[in-house]
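There are 2 protein chains.
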Amino acid sequence: MTKYVYLFKEGQASMKNLLGGKGANLAEMTNLGLPVPQGFTVTTEACIQYYKDGKKIAPEVVEQIFAALEKTEAEFGKKFGDAKNPFLVSVRSGARASMPGMMDTILNLGLTDEAVEGLAKLTDNPRFAYDSYRRFIQMFADVVMEIDKINFEHLLEAMKEAKGVHLDTELDAEDLKNLVGQFKVKYQELKGEPFPQDPKVQLIEAVQAVFRSWDNPRANTYRMLNHIPYEWGTAVNVQGMVFGNMGQDSGTGVAFSRNPANGDRVLYGEYLFNAQGEDVVAGIRTPKPIAELKKENEALYEEFDRIATKLEAHYRDMQDMEFTIEKGKLYMLQTRNGKRTAQAAVKIAIDLVNEGVLTKEEALLKVEPSQLDALLHPTFDPKALKAAKPITQGLAASPGAAYGRVVFTAERAAELVKKDKLPVVLVRQETSPEDIEGMVVSAGILTARGGMTSHAAVVARGMGTCCVAGAGEVKVNEHGKFFTINGKRYNEGDYISIDGSTGYVYGEKIATTEAVVSGDFATLMSWADEIRVLKVRTNADTPRDAHQARVFGAEGIGLCRTEHMFFESSRIKAMREMIVAKNLKEREVALAKLLPMQREDFIKLYKEMEGYAVTVRYLDPPLHEFVPHTDAEIADLAKEMGLPFEELKRTIEDLHETNPMLGHRGVRLSITYPEIAVMQTKAVIEAAIQVTKEGLHVEPEIMIPLIGELKEFKFVKDIVVKTADELIKASGLKIKYLVGTMIEIPRAALLADEIAKEAEFFSFGTNDLTQMTFGFSRDDAGKFLPDYYKTKIFESDPFAHIDQRGVGKLMKMAVSLGSEVRPNIKTGICGEHGGDPQSVEFCHNTGLTYVSCSPFRVPLARLAAAQAQIKNPRK
Amino acid sequence: MTKYVYLFKEGQASMKNLLGGKGANLAEMTNLGLPVPQGFTVTTEACIQYYKDGKKIAPEVVEQIFAALEKTEAEFGKKFGDAKNPFLVSVRSGARASMPGMMDTILNLGLTDEAVEGLAKLTDNPRFAYDSYRRFIQMFADVVMEIDKINFEHLLEAMKEAKGVHLDTELDAEDLKNLVGQFKVKYQELKGEPFPQDPKVQLIEAVQAVFRSWDNPRANTYRMLNHIPYEWGTAVNVQGMVFGNMGQDSGTGVAFSRNPANGDRVLYGEYLFNAQGEDVVAGIRTPKPIAELKKENEALYEEFDRIATKLEAHYRDMQDMEFTIEKGKLYMLQTRNGKRTAQAAVKIAIDLVNEGVLTKEEALLKVEPSQLDALLHPTFDPKALKAAKPITQGLAASPGAAYGRVVFTAERAAELVKKDKLPVVLVRQETSPEDIEGMVVSAGILTARGGMTSHAAVVARGMGTCCVAGAGEVKVNEHGKFFTINGKRYNEGDYISIDGSTGYVYGEKIATTEAVVSGDFATLMSWADEIRVLKVRTNADTPRDAHQARVFGAEGIGLCRTEHMFFESSRIKAMREMIVAKNLKEREVALAKLLPMQREDFIKLYKEMEGYAVTVRYLDPPLHEFVPHTDAEIADLAKEMGLPFEELKRTIEDLHETNPMLGHRGVRLSITYPEIAVMQTKAVIEAAIQVTKEGLHVEPEIMIPLIGELKEFKFVKDIVVKTADELIKASGLKIKYLVGTMIEIPRAALLADEIAKEAEFFSFGTNDLTQMTFGFSRDDAGKFLPDYYKTKIFESDPFAHIDQRGVGKLMKMAVSLGSEVRPNIKTGICGEHGGDPQSVEFCHNTGLTYVSCSPFRVPLARLAAAQAQIKNPRK
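Taken in order, these protein sequences are the chains called S and X.
By UniProt numbering, the letter at position 709 of the first sequence is numbered 709, and the numbering carries on one by one without gaps.
By UniProt numbering, the letter at position 586 of the second sequence is numbered 586, and the numbering carries on one by one without gaps.
One should not assume that every hint holds.
Identical chains blur together in the list; that is why a pair holds if it fits in one copy or across any two.
Said to hold, decoys possible - In the DSS-like style, the derived pairs of lysine-lysine whose C-alpha atoms are separated by at most 25 Å in a straight line are:
#1 488 to 121
#2 186 to 149
#3 9 to 200
#4 55 to 200
#5 729 to 418
#6 3 to 604
#7 734 to 809
#8 826 to 734
#9 360 to 875
#10 757 to 812
#11 711 to 52
#12 722 to 792
#13 582 to 783
#14 682 to 604
#15 711 to 55
#16 809 to 757
#17 714 to 52
#18 52 to 757
#19 84 to 71
#20 812 to 711
#21 184 to 682
#22 84 to 693
#23 163 to 509
#24 809 to 79
#25 160 to 585
#26 809 to 55
#27 809 to 573
Keep in mind the hints are simulated off the structure, nothing from the lab.
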């Protein structure tokens, strides 16, 4: 028979999957001989079985619970419901991973009309006993029976009014006993049955309530955001109660073994005498800093400090602990690895190595790569933030915090900032490439529409500017120069603040503090670089991005999107001339104007990336992205270009596509207009010649996008090689360059062995590859993906984390087929996934040469790459 | 050293790939001891080498040509350029497959100023010699040197004018000699060098001209249409000349061993005495039927008949032969399997079996499946067609021929046909689902836009109605009730005719003849059915289609597109109510209206398909396809539905998608609105209960479209099974049904082993699978695919023939992964490819259970399936 229930002394830390984090640690502390009130854990498997059985608890689980209960009672020498010496327990949830959103704690379970008398006598404190009982009834009704607690709070208020008092503590034992009576009547009225007087019934109901809370909306949301599989289930911990509220020689507290804000090596926490856990949280009394305990009761403090040190040494990590003191005796209720700020995480990792506790490898694994973001961006001043209340929430699209005056157009942003240098926040329905110049000068960007991979989000991450995207409650009236949120109006010039790490928007100015990158950070990064084998490049289209990325440790450019170079207003005209050209000759005239601009861009990029590879992707988006679409704008453009309106309008209409994602773009443009590839090759190679003449070393990697067929690649490669070799020969210099392809179309992955005959490198474009493999576009999937999360069909966003089973299978195929033909073929990834720790680990395991990500993700990728190598060494 | 040149006696029929069809057959006839003027073949490999070397003939090829030439000269006892006894040759192209569009023939090569004198003396016929020389100069200049022949024709005309004659034949030897002089002057003037007087130079130039012609635009177009790989190259045949124009004891002719029009077993052809091949073609003299030869020269006729019989027996197929008689001696110049009409193809195949020449299997391989179409559709009366000239050409979208009065709207079509029963042709910019009722009553459909898989094309093929799609020159003015082609106007009510097998459109009424399906056809089909293992189902959404398909031998429905049932004007209202419903309750009200309609449809389909499986695909297209999009139409609908215009407009706008192909459709609709799947399941199962009660047997197969993930499938399957089992249980009957999925998303193919855990069958939706695997949509690919054909990146349309390397690889993976989990899983294909012979063969080889195609393609698929089994036996 499956063992569904473990006494604490039967478990250990390594059984986390079965016992949950809390249960495993209670077991481990028990084994370490620490003072832990004994109890037992109902396993995650029991929870899974509960759901399998259609939300019914299995009889064998109940049986095992009662058996464990009996043993625990014996240990305490008490009995459930006993009129003299009643046994009480706490019931808590505890999943594998710490999971807010689920049911937390029920205390004092086991109290009944009989037991409460026993408790009163035993403690000689009837007030304490009845106070515990009325709290228990309310908590049980609320979290187990889903009766709104407001029903009970009304009764409590009425009682206080009747007695003419203000505080709960001013009620005496008799009042509370009366209240218990009222609570039970209310309970029966609402529930149709009396409050259960059998503690075993209470217990089984509570256990099931924990199971149910695994599937509540808050838990589901949290799981989705944190990629915790639904299948894991939660465990339930049942633990004998000890009381911190038995008088001034009792108390309760929480403490960290180090300072979780900055990492300093000092006990950090709070405690209260004569209190239960909920009192600390409730905020009625102010807890004292743990350092005070030393003065109040040095022996106790020393004991706790010893335990903390022992636990930290045992777990080899900073601990977050809960304790209770019952009549002068210290009990440990929980320990776990403590959450900490990014700054603290880095410092603690470094310190633990210096203290000889951890190896460098172990230390690297202690820092969550995604935390590093916080070290690279400004954050709100915590004090200022405390007073602020968000007015809405969007997607946390690009980290950092900012305040500024609201503007609604890119032009206005540039104008205002130029005028008075004060910050602005650009608020738009959604951004488009023409907004770039306004985005560059803005302190933050807020959009009403668009997802994590919308234009605003992608560009903002690239620039390291904070961005909240897709804040649906924001109704933008660009023409009227205001926006509203739930009817409240915000005008141009009003200050707002946005937090791109949480998605919160505030209707006021909140001070920010600049990012401070410590020496510890540099040390950690240097360790990561020593260990990792996966290279980290950056996606950069401008010298500014490239420079930023080098500062963050990028080893080359993995993706330069050349089209981004053409969106600037000074250049888009020539681009548009190229697009509306009626024949090859006109097109070549326009291309000749673009050539020197593009060449200059590359010269600057090469200089920033000196010594490293620069991967240049040839023109990718459909041409209609470069032209205006409203009649008014078309009329303007027609005038500017000296074309009849009707003619220009027809040309633009001809560019319309039913499914632009699956249309005339990428390499398909070069097949139709080979002269574009010629121009781009000239720019890449002439720039390389220029910087080589200046004595620098450069190695361009020319990348052809959207390849699906060898002959298609060969067609363009031939043009590139012919153009490049002629220029290089004429220059008399030696310049190495590669011609490779993106793998972003399923067919390219399927036929990677053919394509590798000609392609000198592969770079996975996992944004498009994800779209085509799943058959949905990220622009449209927003409509139905929420339903996919709700029904648990998807547990994470495939555009945020590589779908390892599907898309990943194609990637593995491509790497393996490509290597058969071209051993050691250079392989990389340049989609958004290159900056996601999970995906970086997958890329490492798949044997890729490098990942490429936006500049501000480079440190994260370096750390994630090192962690991947530690977990699964390569080479 | 590679052997690039083969004497005829060195070759044989099996060497077709190397020697081309013509060369291999000349060799075979030589080996059979037939009278063939000797010569040699330059191999296809020499042609491939020519292109590899940048269009240069390799020295070793030239060397081998000259060596073979020497041997051939010796055989004839003649010498190139000899002043007494000059050796002359013909030079012809000859690829593996017969290929119009390439250079055909150069005759009399070897004539020079000296040799022409020798020829004159030898034949004692100076007029003949100079006539041959001037023809040769003109032909050489034209086809080898690319000098427009108009230059020489002017000179000929001037000469005739000067001499006051009308016919070439009225010029005498002296005139022709003068003309030769003028031709040579003209040649030098235009070419900058004299006409070559070295026959070897002439020969090598001619061989290269043949190689070049492999790459000319007409040849490229033909290859693309017929899927002949560019890599094959062409061979060149050099053959000693014999002369049919040496007097009345000489002649030339072509003949088939059977009648190629109807298959009758009788020599069928034409001949001319005293003529060369080109005279027969030129049409100046009328050739005589071959039967006349028997009267004119019985011995010669008998000899030819014997040879024809021998060749037919040898090749075991009807032969198409060319012959020349030189001074009473018969020479065979060519033989090949003859082209024939569909009717003849079927009769000849059956007759050859009855004659004991062929086995049934061999006979089945003799009929081209795509030819069968012609037997199932009306065709133009050949005599009426001869006089007609097309006014434009579009895509041959659905076979058959039709005439009718032009109408521009579906309503008008229905109205006119109802009124007078006379045929109409529906002419539209493009059709949409709302045109269905008009399409049903039209004799033919002509659209200005859209490709082979546009709505018009797909629906027309399904109905067996002829359709010409995407005729870009047709400018439709629906409002003005006319269309123009190059400025010429055609009004409503004017007669036009269209040929859906060629794409031609005629501006007049052309009589048609009905399809006649012979007993031979039925015999052939019965043999195909005996042999094939691949089942053939049909795609049918209406009882009419289903009935037609049963007549054509369909074994069930492989695809019933349920959405097509909702486009009818009487039903679309309820559908629209469902779409604009604001909540579940409103949606269920609308669905309740749709349920009885859909149930009735299924009852009728089941009855038509009695005993066979009916596969029902659940709602697939994005919902916006069901709603109007112009303001006027929205206003109408708003009025009809009693909704405010603005509200309806907003609802419709919310349905807009950036990439509808990759949007909210297929199973995604059922995830968002599970009630749709409930309604459809009720309709499927209630209908099954109904017909079962009537004593019929039915086996519904419920097919969930657009699956990419097991959990997604499971979610809907659970709904289906729950709904279905409740209904079945309540009915007390035993009804079997399956729940399966389409494999049309790459991820579904990649994870087919997971999906097969729940899916009871797979049906490949190769239209979408092709789109996603290549990353282009068929709506948009029309813009750039022509460039892909021009650059030879693609050699055929992946929407017409399965891309076996890419899409096919996914299909093979899916079949293999699916079978691992569910051995003998039922697999089929329901995309357009199911009616393409190449693709059917691929499906057979991949181990599919069935193909499903439009009703009129069913016979074709049955034959193609039999051929596939013969070529590669399965099971």
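Hints breached by this structure
1, 5, 6, 7, 21, 22, 23, 24, 25, 26 and 27
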